[in-house]
Structures are given as structure tokens and as C-alpha cells.
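Undergrad: As a plain string of letters, each chain reads:
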Amino acid sequence: GVEAQTLANTYKAIENNHEIILVLNKIDLPAADPDRIKRQIEDVIGLDTENAIEISAKTGKGIDNVLEAIVKILPSPKGEIKEHLKVMLVDSWYDKYLGVVILIRVIDGVLKKGMNIKMMSTNSEYIIERVGIFTPKKIVIDELSAGDVGFITGSIKQVSDCNVGDTIIDVKNPIEKALPGFKPSKPVIFCGIYPTDASNYPILRDSIAKLKLNDSSLQYEPDTSKALGFGFRCGFLGMLHLEIIQERLEREFDLDLVTTAPSVIYKLYMRSGKMMELHNPADMPDPTHIEYMEEPWVKATIMVPDEYLGVVISLCTDKRGKQEELTYVGSRVMLIYKLPLNEIVFDFYEKLKSCSKGYASCDWELDTYQRGDLVKMNILINGLSVDALSLLIHKSKAETRGREICEHLKE
Amino acid sequence: VYIHWPYCKKHCHYCNFNKVVQQLVDHDRMTECMIRAVKGLLQLGHVKTVKSIYFGGGTPSLCKPDNIQRMISAISQCATLGDDIEITMEANPTSTEMEKMGHFKQAGINRLSLGIQALNDKDLQILGRDHDAAQAKQAIDIAKAHFPKRTSIDLIFARPNQTIPEWSTELEKAISMCDNHVSLYQLTLERGTKLHKQVQQQSLHLPDEDIIAQMYENAINTMRRYGYQRYEVSNFAKQGAISQHNLSYWTSNDYIGVGPGAHGRLIIPSLEYQRYAMIQCLSPNHWMTMVEQGKLGIQKMQKQSEMERLTELILLGMRTPAGISRKRWDSIASPKLEFNKVF
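Going down the list, the protein sequences come from chains A and B. Residue 317 in the UniProt record's numbering sits at position 317 of the first sequence, with consecutive numbering throughout. Residue 19 in the UniProt record's numbering sits at position 19 of the second sequence, with consecutive numbering throughout.
The set of hints was computed from the structure by calculation and includes no laboratory data. Hints may contain errors.
[What the hints assert, rightly or not] The calculated lysine-lysine pairs, modelled on DSS-like cross-linking and capped at a C-alpha distance of 30 Å, are:
#1 A:K353 to B:K300
#2 B:K19 to A:K299
#3 A:K58 to A:K186
#4 A:K137 to A:K267
#5 B:K295 to A:K395
#6 A:K376 to A:K357
#7 A:K322 to B:K173
#8 B:K64 to A:K338
[To be verified] The calculated label-pair distances, taken between Cβ atoms and stated as ranges, are:
#9 A:E277 to B:Y273: 30 to 40 Å
#10 B:Y273 to A:D283: 56 to 66 Å
#11 B:E172 to A:I73: 54 to 64 Å
#12 B:M307 to A:R271: 27 to 37 Å
#13 A:I133 to B:F343: 48 to 58 Å
Computed from a prediction, not measured in an experiment: that's the story for all the values here. Think of the CB as a built atom: it goes at the ideal place given N, C-alpha and C, for glycine as much as any other residue.
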């Protein structure tokens with residue numbers, strides 16, 4: 001049914017005037033109740049469900065109708081075949097057999113095998129060896145033209161040579177202006193990853209590099225800690241991203257890891273007038289040099305049955321949240337709260353689920369930076385401060401969180 | 001405090017207000033819910049003084065006078081009723097409703113707003129009204145007897161096939177019978193109403209836009225000639241008989257709306273003294289259930305940002321000749337949006 005993620009993303013799509021096709025999946029399940037969900041959609045989001053498509057991705061039922069609807073209802077891509085080549089670089093990864101594969105969207109013009117192309121952000125030139133599409137299998141074809149999405153391979157050596165959002169053009173017919181390009185997702189949550197056994201550092205280093213090949217949004221750099229030795233400081237798009245990477249490192253590469261508490265990017269306004277972005281609490285300068293600090297806030301959409309409204313509001317208030325909106329939808333309530341990011345990275349999701357017997361759902365997006373009364377908290381083990389474990393936290397939460405972390409570490 | 005009584009005897013063909021036509025109305029249950037909700041909302045806002053009460057709808061004159069008294073009494077238990085508090089009720093000029101006027105006055109109503117709309121029977125039928133022109137005249141007389149100098153009438157112009165001379169004649173006739181407050185509304189076609197459909201299907205035609213504009217201009221001049229001051233786009237008053245309740249909307253003051261579909265603007269102390277835009281649940285039955293569950297009937301409440309508050313200040317303030325003062329602006333705006341900076 002309709003949950004927080006559905007709401008948050010649908011509203012965004014509506015705000016951007018996108019055409020929306022409603023698809024109800026998993027109708028093969030015995031508990032499936034498409035009519036109830038359609039009513040829910042009409043009540044909660046206000047979309048007309050007359051043309052909603054019922055499917056089962058598992059059995060394949062209804063998929064044809066979705067493809068038909070995509071062709072019939074969604075507006076076709078705007079672009080000119082006759083114009084000079086303009087291609088957007090959407091993503092890139094390393095394929096065992098093909099080398100570096102680049103996912104592209106042709107905006108204008110025609111892209112053919114053998115063409116000499118240039119990446120506008122690096123000015124590097126390459127020759128296209130293969131042009132193809134996904135069906136979802138990779139199929140090599142002759143050309144891609146305006147409106148097409150596909151892949152290219154060529155003389156590109158490294159995935160790191162490819163920048164997400166870059167504009168690719170024809171060397172023979174260059175264009176002046178690059179595409180505005182969608183912004184590659186910026187990591188918002190950081191943590192340190194260290195091997196439990198220091199001798200495994202090289203394995204960790206290679207494993208992270210392998211993961212990065214197929215995940216351009218993962219950021220990492222080498223880091224050293226007096227207590228934990230050599231490791232990496234990693235940036236993730238969210239808690240789920242962090243957990244997936246951690247899980248994959250442990251499972252796929254058989255590594256035993258220590259991860260530090262997740263932290264966010266703070267903005268420090270120094271007395272000297274400079275602004276400094278703090279990614280690692282261990283790098284925090286002398287507090288006497290700091291005028292004030294700002295922390296990132298998020299806008300969270302929460303869906304919860306109304307019998308748990310009270311406890312969820314208490315939880316949000318406890319996490320220094322500010323209520324923006326409250327709307328009753330059927331027997332559930334949609335809440336929009338602004339919350340400090342550092343209050344929700346730790347255990348907000350778990351607490352939300354547990355106080356609502358699992359019924360609440362939540363989705364959030366980065367909002368603005370706001371001034372906060374923040375302090376640096378250090379964790380001492382055997383009397384010695386472990387730099388990798390220190391974090392920036394709101395003054396009011398320091399003691400409670402400190403105790404929680406120590407409990408956690410003890411386990 | 002605005003109280004929305006959502007029940008009507010029949011559908012008027014132009015009306016898209018939140019209402020339901022229902023034969024059997026549980027007056028006491030709805031009244032109990034109104035009482036509970038209004039008390040809860042007054043407490044939520046830590047309201048000290050109520051300066052005006054307005055019973056709208058639907059058709060609030062279908063209420064039992066005793067219930068009106070109980071609702072007013074409930075408000076006075078939670079907040080002080082200001083000196084000279086204006087307590088208005090809307091009414092339809094039907095004989096059954098006009099018979100109750102004395103009782104409504106005893107119950108606490110001290111101002112009446114009559115939905116006259118038109119003074120010719122053919123148009124009253126097209127509008128789907130429940131009365132005729134003769135009843136309208138009678139109703140105005142009865143109202144003026146019970147609420148002298150505190151009776152208002154509503155008129156709708158730009159009706160299907162109406163001409164400029166017809167409107168002028170009708171307005172003069174209305175002025176000859178009315179009291180000291182008149183509201184003139186241009187007919188607006190709202191989606192879902194019978195009139196909207198009829199005009200779309202072309203079985204009825206509205207006057208041309210330029211003619212409507214002329215009708216409005218003529219009305220302003222006529223009203224002025226007879227001593228009525230236009231103090232809001234649609235509202236005219238003689239001898240200073242301005243509607244205090246409606247004026248508070250146009251000056252962006254806070255108000256509580258109680259009842260299905262009612263809107264409110266309230267500063268909530270427990271939510272950091274931020275101002276919230278609130279709307280009550282639309283369906284009368286759901287609304288009553290929600291109130292009985294302790295939810296105060298709130299369907300949605302949304303914090304108003306500074307920009308939203310300032311935008312409302314402009315939208316509403318520009319409807320009055322007084323406009324918006326710099327001081328009023330700065331009472332809401334932070335230093336960043338200080339009046340001189342923005343303009």
C-alpha cells in the first residue's frame with residue numbers, strides 16, 4: 001500500500017510535472033487487495049486510479065500492459081536527430097569481458113561505432129568500439145540516436161575517467177554548451193571502516209576498490225587512527241547504502257571489520273571568517289577558534305497508523321524534530337517533520353519501527369543547514385581517547401548517546 | 001471562532017461550500033461534537049479572548065436555538081467573550097427559519113446575515129433557492145425587527161441573462177428594503193455545481209466579462225450614493241456597521257474553524273508558537289467520529305512559513321482600502337524580509 005516513500009517520491013514527481021503511471025505489483029500474493037490499495041491511493045495522494053495497471057513482476061502478469069502504457073502515456077524524449085551529437089553520461093562500470101562500459105542517454109544527434117568522441121569535463125578523446133542497448137541483456141547494435149538510452153565501450157581505460165553527468169560530444173562536430181547534467185549524488189553520511197586484524201588492510205583496500213567500480217556514488221579515502229590503525233573514511237548516500245557496503249565487504253570478501261559511528265558533514269564558521277566543512281570529527285579544530293557551527297537537517301515524511309501517533313510524535317520531539325505538517329489519511333497519519341540528520345542516522349529508523357510495531361514507514365531528504373549547539377564527544381577505552389570513535393553531537397544529547405555507544409561497543 | 005453547520009435542506013445550484021443535504025440530522029450529536037472540538041481547539045491555542053463568533057455553513061439557521069446557545073456557552077467556558085462581541089448567524093429567508101429569530105436572539109445571536117441572492121423569482125429558481133422574492137422582503141423586515149442595525153443581506157450579480165439595467169433596478173430595490181450592511185458577490189461557476197454544467201452545456205449563458213465589470217462599477221457607485229462605504233471588495237456598510245468577524249480574516253488575524261471543512265489559522269504554543277493553517281475533516285460523519293475519538297476533527301495542519309504568512313497578508317489585505325501597513329508587515333517578517341528590504 002501507500003507508504004512514506006510512495007508519498008515523498010510521488011509528490012516530488014507531481015511537483016516536477018511528470019507524467020505518472022500507476023502500477024500495483026505483487027497481485028499474485030494471496031493477501032493482495034488491489035481495490036483497497038486503489039482507494040488508498042485516491043484518498044492519500046489524490047491520483048485517479050482508473051488506469052492503474054495490476055501486475056505481478058514474479059509471474060510476469062500484466063507486464064505487457066506496463067510497456068504499452070509507457071509507450072502510449074509517457075511523453076517521448078525531446079531531441080533532434082539532425083543536431084550535433086550531445087550525449088549524457090549516466091553511469092559507468094567495469095565489465096570483465098568488455099572493459100569499461102558507459103551507460104548513456106543520447107540527447108541530440110546520432111552515435112555510431114567508430115566515432116571519435118570527447119568528454120567535455122576532462123577534454124579526453126576516445127574512439128567508440130561498441131554501441132549497444134539492454135533488453136535487459138546487452139545487445140550490440142549499429143547506432144544510438146536522439147532519445148535512445150544504451151551503452152558504449154571504447155578506448156576508455158579507467159572507470160575513474162568517467163564523470164557522472166558529463167556531456168559527450170562528437171570531436172568533428174563539437175558543441176559549445178555542456179548539458180546542465182544531473183548532479184551526482186553527494187554522500188551525506190560518513191564512517192570509518194577498519195579491519196579488525198591490521199594485516200587484512202590490503203584485502204580491505206582492494207575490496208573497497210572493487211565495490212567502487214560498480215558503485216560510483218561510494219566515496220572513500222585512506223584514513224589512520226592511533227587506536228585502530230590503517231583504514232578508510234567512507235561516504236555514503238544514506239544508512240541503507242552504508243549497511244549494504246558494510247555487509248558486502250564482510251560477506252563477499254570475508255572481512256572482519258570495525259566501523260565507527262556514522263557522522264554527517266558539519267559546517268564550522270571560524271572566528272577568522274572562514275567556513276570549514278568537517279567530515280571527520282577527529283579533524284575538529286580548537287573550539288576557541290570556532291564562532292558557531294551548523295548541522296544538516298532533513299525533511300522526513302512518516303506514515304503511521306493513528307493509534308501510534310502519540311509515540312511517534314514523542315520520538316520525533318525527542319530527536320529535536322519540528323513538526324511541519326500533520327494530515328489524517330484514512331486511519332493513518334502522514335507526518336512531515338524536520339529533523340537534524342545526526343539524530344536520525346544512529347537509531348531513528350529502528351526506534352520508529354519498534355514504537356509502532358513495525359507499521360510506521362519513513363522517507364527523508366536533505367533539507368538545509370541550521371545553527372546548532374554542538375560539542376565534540378570522545379570515547380575513551382582504557383583511559384585513552386580513540387580518535388576513530390569521537391563524534392560531534394548536540395550538547396543536550398551528548399551524555400545519553402555516549403552511554404548508548406559504550407553499551408553498543410561492549411556487545 | 002467560525003462554526004460550520006454543514007446541513008442544508010436542498011442544494012443551491014451555484015454552491016460548492018462543504019455541505020450535505022440530509023433528511024434526518026442528529027442535531028444533538030453534531031452539537032456535542034462542535035462543543036468538544038471548539039473547547040479542544042481553544043485550549044490547543046491557549047486562547048484567552050474570543051472577539052467574534054460566526055455561524056456559517058451549510059445552513060446554520062436550521063439549528064435548534066437551544067443548541068446555538070450551548071455552543072456559545074461552551075466557548076465562553078474556555079475563553080473570555082470580548083465586550084461587544086459580535087455573534088453572527090447566516091440564515092435563509094424561509095418562513096420556518098425566520099420564525100425562530102426571536103429564539104436565536106435569546107440564544108445569543110446578535111447579528112444576522114440573510115442569503116437573499118436575488119429579488120426576482122425566475123432567477124431565484126435558476127439559482128436553486130428555497131424561497132421567492134416576497135418571502136425575501138418579509139424576511140428582511142423580520143430580521144430588522146429582531147436585529148436592528150445588525151442585519152446584512154447577500155446579493156449575487158452577473159447571473160445568467162442578467163442585463164446592466166436589470167441589475168441597477170434590483171440593487172436600488174434591495175437598498176430600499178435592507179439594513180446597513182450589504183454583501184455583493186459576483187456569480188462564480190464552480191466545478192461540480194449544477195450551474196457550471198448548465199453553462200458548459202450552453203443551456204444557460206453568463207453575461208459578457210465587460211458587462212460584469214460594468215455591473216460591479218455601477219454597484220459601487222450606487223452603494224456610495226446611498227451612503228454605504230465599500231470596506232472590502234464585496235462588502236458595503238453604512239454608519240460604520242462593518243462585519244468584525246470577516247474583517248479579522250482580511251487583516252490576517254488568528255481564527256479557529258470548527259465543523260466539517262472549516263479552516264483555521266492558529267498559533268500553537270506547544271509547537272513552538274508557530275502559526276498553523278488547519279482544516280477540519282470534510283465529511284460530517286467522519287468529522288463527528290474523529291471528534292469523538294479525541295482528534296478535534298483536524299484533517300490536516302500545516303506550519304505556515306514566514307513567506308506563506310506574508311503572502312496571505314498581501315492577498316487578504318489588498319481586498320481592503322486600508323491595505324497593509326509597514327508596521328503590520330514587520331510584525332510578521334523577520335529582519336531578512338523587513339518591509340523596506342522587500343519593497
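Undergrad: Next step is simple, just say for each hint if it's right about the structure.
TA: Here is how each hint holds up against the structure:
Using a Cα cut-off of 30 Å, the hinted pair K353 (chain A) and K300 (chain B) holds, with the two alpha carbons roughly 23 Å apart. Note on K19 (chain B) and K299 (chain A): the hinted pairing is violated, with a Cα-Cα distance of about 35 Å set against a maximum of 30 Å. Note on K58 (chain A) and K186 (chain A): the hinted pairing is violated, with a Cα-Cα distance of about 33 Å set against a maximum of 30 Å. With a CA separation close to 45 Å, the supplied pair K137 (chain A) and K267 (chain A) exceeds the 30 Å bound.
A hinted pair counts as satisfied when its Cα atoms are at most 30 Å apart, and K295 (chain B) with K395 (chain A) does not qualify at roughly 35 Å. Distance hint between K376 (chain A) and K357 (chain A) is unfulfilled; the C-alpha atoms sit about 34 Å from each other, more than 30 Å. For the given pair, K322 (chain A) sits about 56 Å from K173 (chain B) by alpha-carbon distance, which is inconsistent with the 30 Å threshold. Restraint check for K64 (chain B) and K338 (chain A): not satisfied, since their Cα atoms lie roughly 45 Å apart, outside the 30 Å limit.
The given range of 30 to 40 Å is respected by E277 (chain A) and Y273 (chain B), whose C-beta atoms sit roughly 33 Å from each other. Range check, Y273 (chain B) to D283 (chain A): Cβ separation about 38 Å, and the 56 to 66 Å hint is violated. For the pair E172 (chain B) and I73 (chain A), the beta carbons lie near 57 Å from each other, so the given range of 54 to 64 Å is met. At about 32 Å, the CB distance of M307 (chain B) to R271 (chain A) agrees with the hint of 27 to 37 Å.
Between I133 (chain A) and F343 (chain B) the Cβ separation comes to about 56 Å, which falls inside the hinted range of 48 to 58 Å.
Checked against the numbered hints given earlier, the structure breaks hints 2, 3, 4, 5, 6, 7, 8 and 10 and satisfies all the rest.
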